[in-house]
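2 protein chains.
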Amino acid sequence: MTIDMTLDDCRALDRADPLRNLRDLFTLPEGVIYLDGNSLGVMPAATPARVAEVVAQEWGTGLIRSWNTARWIDLPQRLGNKLARLIGAAPDEVMCTDSTSINLYKVLFAAMSQVIDSGDAARRTVVSERSNFPTDLYIAESLCRERGFTLKLIDSVDALPAALTPEVAVLMLTHVNYRTGAMHDMTAVTMAAHAVGALTVWDLAHSAGAVPVTLNESDADFAIGCGYKYLNGGPGAPAFVWVNTRHASKFDQPLSGWFGHAAPFEFTPHYRPAPGVARYLCGTQPIISLSALECGLDTLLAAEPFNADFGPMAALRTKSLELTDAFIALVEARCPGRFTLVTPRAHAQRGSQVCLAMKNPDEAQGNAAYAIVQALIARGVIGDFRAGDAQTPHILRFGFTPLYLSFEDVWDSVEHLVQVLDNNEWRRPEFNQKNAVT
Amino acid sequence: MTIDMTLDDCRALDRADPLRNLRDLFTLPEGVIYLDGNSLGVMPAATPARVAEVVAQEWGTGLIRSWNTARWIDLPQRLGNKLARLIGAAPDEVMCTDSTSINLYKVLFAAMSQVIDSGDAARRTVVSERSNFPTDLYIAESLCRERGFTLKLIDSVDALPAALTPEVAVLMLTHVNYRTGAMHDMTAVTMAAHAVGALTVWDLAHSAGAVPVTLNESDADFAIGCGYKYLNGGPGAPAFVWVNTRHASKFDQPLSGWFGHAAPFEFTPHYRPAPGVARYLCGTQPIISLSALECGLDTLLAAEPFNADFGPMAALRTKSLELTDAFIALVEARCPGRFTLVTPRAHAQRGSQVCLAMKNPDEAQGNAAYAIVQALIARGVIGDFRAGDAQTPHILRFGFTPLYLSFEDVWDSVEHLVQVLDNNEWRRPEFNQKNAVT
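So the protein lines, in turn, are chains A and B.
Under full-length UniProt numbering, the residues of the first sequence are numbered 1 to 438, in order.
Under full-length UniProt numbering, the residues of the second sequence are numbered 1 to 438, in order.
Calculated directly from the structure, the hints in this document are not laboratory data.
You may find that some hints are simply not true.
To be verified - Taking lysine to any residue pairs in the SDA-like style, the calculated list, with each CA pair at most 25 Å apart, reads:
no., chain 1, residue 1, chain 2, residue 2
1, B, LYS434, A, ALA70
2, B, LYS152, A, PRO273
3, B, LYS434, A, ASP74
4, B, LYS250, A, THR69
5, A, LYS434, B, THR69
6, B, LYS434, A, PHE267
7, B, LYS250, A, ARG147
8, B, LYS152, A, ALA262
9, A, LYS152, B, LYS434
10, B, LYS152, A, GLU266
11, B, LYS434, A, ALA262
12, B, LYS152, A, HIS270
13, B, LYS250, A, ALA364
14, B, LYS434, A, PRO275
15, B, LYS152, A, PRO269
16, B, LYS434, A, GLU266
17, B, LYS250, A, ARG145
18, B, LYS434, A, PHE265
19, A, LYS152, B, PRO273
20, B, LYS434, A, PRO269
21, B, LYS152, A, VAL189
22, A, LYS152, B, GLU146
23, A, LYS434, B, ARG272
What the hints assert, rightly or not - To spell it out: a stretch of chain B is covered by chain A in this simulated footprint if at least three of its residues, at any positions, have a beta carbon under 8 Å from a beta carbon of chain A; those stretches are:
no., region
24, 57 to 70
25, 97 to 105
26, 136 to 146
27, 191 to 201
28, 227 to 237
Cβ atoms here follow ideal geometry from the backbone N, Cα and C, with glycine treated the same way.
Let's have the full structure, built from the sequences with the hints guiding it.
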């Protein structure tokens, strides 16, 4: 990729792209270049019909009988088995259920319980990053307060070696940072944590369906993640939970609802956890939303035939890096001096998104990043804005989903960005009013 | 209602029923008399189109913008405000979110925290009923173990006065029992609990949309319940949580996810709970399933014009009691000596279901109740079976939803029951094999 890449070059890349037809698995709205699949994935073309079938046939006609006949009861596991193939997990190790925050509560509680049960009373620290997704920190705060642990936040990955002391019970990290797109080396970090006797909890919200994940190969301990981003499961789609088999049957998680019971329909008064990861289920799942998630998972599995012998996600990862490389190269070539690249340039440290900050100090502190994102949205290029604080800049965030984005989309989005800047379009008042959610 | 009620009498009751047209709000499958709305409610006729709109338009076209433009962000509160009218709550006191089990965890934790914070170290008992719905007991077991409380189970409501000692921190009851249909007097029980300084947690799974509930008038403390039974929200529909305003802003609940934060989209690293019941939200909600729940709530609100001055649920309650009275009278008249009525005969103690046990001791201990339910299902009369144990009999359970059931349905279901018994149909082998879920 050179800095003088042209629209024709992008079209040539699209013609040579082995994944180009996967775009047909989605319903992309007219006039939109969607660079926000890291916030809410695009609707698979199969979803409306599948959801309509679940509503009108399975519920409307089957009614209560569909728990058996439509196998609603198996959905968390069946979807978990599909997802397992994307995150380096084995069959029956993953459940699709509840929300990311709730699943984090379950696994962090379970990890803490293991440490408490070990009798090592000096090991009462949970380490995470200050830049982790806030809900992860909120859940950790709650559990630390309740269970007598200390939450220690590091400012960057460089501080990790020094932070990994024998007091650390759990290292809780998000694999790909939601703001910067920076990716941890899961294997190396897990090994470092294990070397001091700490357990690892990984949040895969920006990883599952976006980058290769090797949970078992990396010997991770616990993982959770989100169904509505790169998994294309729909707004607020149920999340997932994975537990290493060496832990799965060892602990009770506190949200011990009937669906995690060894025999939920025996209606016994005392809790007896199901074997394995099934004990991480709690209550009745939202079947319509869960069914929509299956259509999203199927879009990712459709890329499997292109992976050859390079393992899960290999083909998607290759294209993802090519897309983000192209976007970075074009922004740097066509908007010189305007942006700082926040996302790591090194492939091994990059997720499937590109984040930019304003280079000019006045613009970096002002409203420019927000307003540029709004001006792009008005042109149909949907990315998002994430506010900074004293330590971190405001950012423009662009997610690249190789399933449905083309190299021409990359060209066009940069072309729009150039026009927003050259025309000073972003200075218009309507792009400088804040909404509640972006 | 006399024991010589005829089919013509039932038809006359239907003609006189002011709620008879509400049945048109539902899509009832052909050839089915559905007496299982206490397990999974019938699909409202409006739901398929509404769900299709959420999927294809709000998600498919609106994408991430719909958090603002379709007000997804407000759904838990908007639905909570509709539900509030059915359960004697005020606006902004209810949130529709997560599952019943998870909401119970939140409120029971909060109730325990209040007692712990009060400094009364002797008050560490949670009282409930052995016959409570199992998931409630499992969640209570978990929290009691974790927080140093004792769970004390009483065998019947008669034991309640003796159980309410100064050691009781929380009285956790299900308002209408899932197996028997017996209903507690919420006001009297709450008053008795408060008299010894205990807080009350009410599970409204079989009450909301089924019977009048008077949370504020009864001065209850916490309540949770289910969206997929009498609220017709769809399979696994999100549940709800209500907290008395005197407690709502006082405690943190442990599942402190970003949606319960005072400013979730500021992405601050520390948790600051939202004011009021909004802090009982946790993670991102399953928007498709949540949208379907709104259609269910609307079917109940459609009955409001018939309530006159008798308060929420008055018209539905009147018809519910007439339906269950008719069913009891017809079963007793036409199947003499075969069944024992498990559900209380007294209106004040009856929910919206009728439960029967076999009278003959051999049949009571054997497979008869199960097989009769299966034989009825094969005839299109869908009720369900709940297994007994050493203390309690096997039961046949029939839920009566006044929104979509007629008196002729009652007649027909008893007619089928008579034939199942008279023909010994229930003794066929195919009705004597157990399924996983009934």
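We went through each hint and held it up to the structure:
{"no.": "1", "hint": "LYS434/B <-> ALA70/A", "in the structure": "holds, 17 Å"}
{"no.": "2", "hint": "LYS152/B <-> PRO273/A", "in the structure": "holds, 21 Å"}
{"no.": "3", "hint": "LYS434/B <-> ASP74/A", "in the structure": "holds, 18 Å"}
{"no.": "4", "hint": "LYS250/B <-> THR69/A", "in the structure": "violated, 45 Å"}
{"no.": "5", "hint": "LYS434/A <-> THR69/B", "in the structure": "holds, 14 Å"}
{"no.": "6", "hint": "LYS434/B <-> PHE267/A", "in the structure": "holds, 15 Å"}
{"no.": "7", "hint": "LYS250/B <-> ARG147/A", "in the structure": "holds, 20 Å"}
{"no.": "8", "hint": "LYS152/B <-> ALA262/A", "in the structure": "holds, 23 Å"}
{"no.": "9", "hint": "LYS152/A <-> LYS434/B", "in the structure": "violated, 52 Å"}
{"no.": "10", "hint": "LYS152/B <-> GLU266/A", "in the structure": "holds, 21 Å"}
{"no.": "11", "hint": "LYS434/B <-> ALA262/A", "in the structure": "holds, 17 Å"}
{"no.": "12", "hint": "LYS152/B <-> HIS270/A", "in the structure": "holds, 12 Å"}
{"no.": "13", "hint": "LYS250/B <-> ALA364/A", "in the structure": "violated, 39 Å"}
{"no.": "14", "hint": "LYS434/B <-> PRO275/A", "in the structure": "holds, 22 Å"}
{"no.": "15", "hint": "LYS152/B <-> PRO269/A", "in the structure": "holds, 12 Å"}
{"no.": "16", "hint": "LYS434/B <-> GLU266/A", "in the structure": "holds, 12 Å"}
{"no.": "17", "hint": "LYS250/B <-> ARG145/A", "in the structure": "holds, 17 Å"}
{"no.": "18", "hint": "LYS434/B <-> PHE265/A", "in the structure": "holds, 11 Å"}
{"no.": "19", "hint": "LYS152/A <-> PRO273/B", "in the structure": "holds, 21 Å"}
{"no.": "20", "hint": "LYS434/B <-> PRO269/A", "in the structure": "holds, 21 Å"}
{"no.": "21", "hint": "LYS152/B <-> VAL189/A", "in the structure": "violated, 46 Å"}
{"no.": "22", "hint": "LYS152/A <-> GLU146/B", "in the structure": "holds, 23 Å"}
{"no.": "23", "hint": "LYS434/A <-> ARG272/B", "in the structure": "holds, 21 Å"}
{"no.": "24", "hint": "57 to 70", "in the structure": "holds (count 10)"}
{"no.": "25", "hint": "97 to 105", "in the structure": "holds (count 6)"}
{"no.": "26", "hint": "136 to 146", "in the structure": "holds (count 7)"}
{"no.": "27", "hint": "191 to 201", "in the structure": "violated (count 0)"}
{"no.": "28", "hint": "227 to 237", "in the structure": "holds (count 5)"}
Consistency with the previously given hints fails for numbers 4, 9, 13, 21 and 27, ordered from lowest to highest.
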